[in-house]
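Asks: One-letter residues, chain by chain:
2 protein chains.
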Amino acid sequence: MAFCNITGRHLNSLVKTRSSAVVSSAEAKWNVAKLDVDSILKEVKFNSDGLVPAIAQQFDSGEVLMMAWMSTESIVETLKSRRAVFFSRSRKKLWRKGDTSGQYQHVHDFKLDCDGDTVLLTVDQLGVACHTGRRSCFYLAVRDDGLEEILPVVIDPDELYS
Amino acid sequence: MAFCNITGRHLNSLVKTRSSAVVSSAEAKWNVAKLDVDSILKEVKFNSDGLVPAIAQQFDSGEVLMMAWMSTESIVETLKSRRAVFFSRSRKKLWRKGDTSGQYQHVHDFKLDCDGDTVLLTVDQLGVACHTGRRSCFYLAVRDDGLEEILPVVIDPDELYS
Chain A
1 MAFCNITGRH LNSLVKTRSS AVVSSAEAKW NVAKLDVDSI LKEVKFNSDG LVPAIAQQFD
61 SGEVLMMAWM STESIVETLK SRRAVFFSRS RKKLWRKGDT SGQYQHVHDF KLDCDGDTVL
121 LTVDQLGVAC HTGRRSCFYL AVRDDGLEEI LPVVIDPDEL YS
Chain B
1 MAFCNITGRH LNSLVKTRSS AVVSSAEAKW NVAKLDVDSI LKEVKFNSDG LVPAIAQQFD
61 SGEVLMMAWM STESIVETLK SRRAVFFSRS RKKLWRKGDT SGQYQHVHDF KLDCDGDTVL
121 LTVDQLGVAC HTGRRSCFYL AVRDDGLEEI LPVVIDPDEL YS
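Residue numbers (this note's numbering), protein chains in the order written: chain A, 1 to 162; chain B, 1 to 162.
Where hints are given, some of them may not hold.
Think about it this way: if two alpha-carbon atoms lie no more than 35 Å apart in a straight line, the pair counts; the simulated DSBU-like pairs of lysine-lysine are [as the list claims (entries may be wrong)]:
1) B/Lys42 - A/Lys93
2) A/Lys92 - B/Lys29
3) B/Lys92 - A/Lys45
4) A/Lys92 - B/Lys93
5) B/Lys45 - A/Lys80
6) B/Lys45 - B/Lys29
7) A/Lys42 - A/Lys29
8) A/Lys34 - A/Lys92
9) A/Lys45 - A/Lys93
10) A/Lys93 - B/Lys93
11) B/Lys92 - A/Lys42
12) B/Lys29 - B/Lys92
To be clear, the hints were calculated from the coordinates, so they are not data collected in a lab.
Let the hints inform the model, and build the full structure from the sequences given.
Replies: What follows is the structure, given as structure tokens:
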């Protein structure tokens, strides 16, 4: 049992910090004209390829939709346009999500973690996030004795990329 | 405006795939004794360091708590113990989250994305996920003209690591 070492102080902290829902309707406010992009980029720790992982989460339901990578340029464009722009490692170029598939992500919030090495975008995902036509890329889950597909295909991938 | 190119078929898909809340009370069921771990590991695309990024999300609220890295060994131990075990890149060894801080993560579900290169753990986080004493590591957010701290310190870090 994983929780066997819990002491009083940790139980107290558990009570104090019990999670609240992430569901929210408001977009975070920032002023594109006044945004000090350099001060934000200074806090981001890019890897040796100049990229940082970025998680996209649906703003109201809390679904984790996908994980992709961002470059300096994609962060700047995302902040200025409020549309999720990643960097495709396979195509080695900016990936404006939705340009091919139509499945855009409108950015509600842009967060950075304590180490500055991961971005969290809360977004409003139009349609589906996954190239397989599923709402989220995380559709394989451990069940019974192995991995199972737990999400349906809601848009035919042939339709997404036609 | 990001959504200006939306066509009828995409609006239709939006309606059909409108997100539902991730909040859930049930733990995913798997049979530790029968688990075909090799078949799961075969689907994971580890990077050149033998690691895969893993997102930890609070199972009921949907909060994204942190992102860390997993090795083959940490995946196997996580699946068998249902406690989140990562691989510390700085210490170059298994990181059984909670061993030092007491802030364990009990694993509710283990998911893999379409490319097999990111893991999503839904967990029940005891206390706080962040070493700074905040509930989530994602406490820096873009507001007004730059980054602001948006989450309070709920446990003194000195207390976490004493």
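Asks: Run every hint past the structure and note whether it holds.
Replies: A quick look at each hint next to the structure:
The hinted pair formed by B/Lys42 and A/Lys93 meets the criterion: a straight-line CA distance of about 29 Å does not exceed 35 Å. The hinted pair formed by A/Lys92 and B/Lys29 fails the criterion: a straight-line CA distance of about 39 Å is larger than 35 Å. Between B/Lys92 and A/Lys45, the direct Cα distance comes to roughly 19 Å. Compliance with the 35 Å bound is thereby established for this hinted pair. For the proposed pair A/Lys92 and B/Lys93, the alpha carbon gap of about 32 Å is at most 35 Å, so the pair holds.
A threshold of 35 Å between alpha carbons decides the hint, and for B/Lys45 with A/Lys80 the separation of about 33 Å falls inside it, so the pair holds. At most 35 Å may separate the alpha-carbon atoms for a hinted pair to count; B/Lys45 and B/Lys29 meet this at roughly 24 Å. Of the supplied pair hints, the one linking A/Lys42 and A/Lys29 holds, its CA atoms being roughly 21 Å apart against a limit of 35 Å. About 30 Å separates the Cα atoms of A/Lys34 and A/Lys92, which keeps this hinted pair within 35 Å; it holds.
In summary, the hint linking A/Lys45 to A/Lys93 is supported, as the alpha carbons are separated by about 20 Å, within the 35 Å threshold. At most 35 Å may separate the alpha-carbon atoms for a hinted pair to count; A/Lys93 and B/Lys93 meet this at roughly 34 Å. For a cut-off of 35 Å, the pair hint linking B/Lys92 to A/Lys42 stands: about 26 Å separates their Cα positions. Straight-line distance between C-alpha atoms of B/Lys29 and B/Lys92 comes to about 31 Å, which keeps the hinted pair within the 35 Å bound.
In this structure, only the earlier hint numbered 2 is contradicted, and the remaining ones agree with it.
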